[in-house]
Amino acid sequence: MFSADNDTRAWEEFCAFKSSGVHEFTGPAAEERKRVSTAVWKQFEDAIQRRPDGYHVNTYVNNIILMASSEDDALKMYRDAKQILNEINMDLREFRSDSEKVDNAISEADLSASSQQKVLGIPWQTENDLLTTTCQYPHKDKCTKRTISEQVASIYDPHGWLTPITLPGKIFFQQLWKQDYGWNSPLSPEH
9 MFSADNDTRA WEEFCAFKSS GVHEFTGPAA EERKRVSTAV WKQFEDAIQR
59 RPDGYHVNTY VNNIILMASS EDDALKMYRD AKQILNEINM DLREFRSDSE
109 KVDNAISEAD LSASSQQKVL GIPWQTENDL LTTTCQYPHK DKCTKRTISE
159 QVASIYDPHG WLTPITLPGK IFFQQLWKQD YGWNSPLSPE H
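Quick note on this note's numbering: the sequence shown kicks off at 9 and runs consecutively.
Quick caveat, the hints were computed from the structure, so don't treat them as lab data. There are no misleading hints in this set.
With a straight-line cut-off of 20 Å between C-alpha atoms, the simulated DMTMM-like cross-links for lysine to aspartate or glutamate are: (1) Lys84 with Asp111; (2) Lys178 with Glu158; (3) Lys84 with Glu102; (4) Lys84 with Glu116; (5) Lys90 with Glu116; (6) Lys186 with Glu158.
Owing to the predicted nature of the structure, the values given are computational and were not obtained by experimental measurement.
Modelling step: build the complete structure from the supplied sequences, incorporating the hints.
Take a look at the structure:
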């Protein structure tokens, strides 16, 4: 059985099945990846309950990501997922992998037209298995504590990769609180 914390962590780490990355892991890393993938796959299967009055789907994500240890495993997951959901008249589609072999084996109707996918909102270029992100603070005509807060909060960075860029803005915002500025008060020239 999985605890709520482990359940949430697993779903957050593997949130979309429209992408299936194929990576080779060895030693303890391979064992951990297999354990996590098995746990997430079990949760996916458990999300579909067969009841006397029909089927009940208990899932709160519309995309699932799984990591497979081989291309064959990725294709098996694809086929199994399609079969499970076909039994309850649901269509799982827009699959994409970083493996050309896997993509070529997926039905054209099920394959995502775009090689650009999103993983937790982060763009993933499947052709070269590259995650990308941008950081751009929008221009504001007036500098107030409110506009600084808006700018600091405008950067989407769920993994913390942009921390070296975003941290100075957060520290600056913290300093504004210590100066007792109002939300809409213009900042002094020294700030």
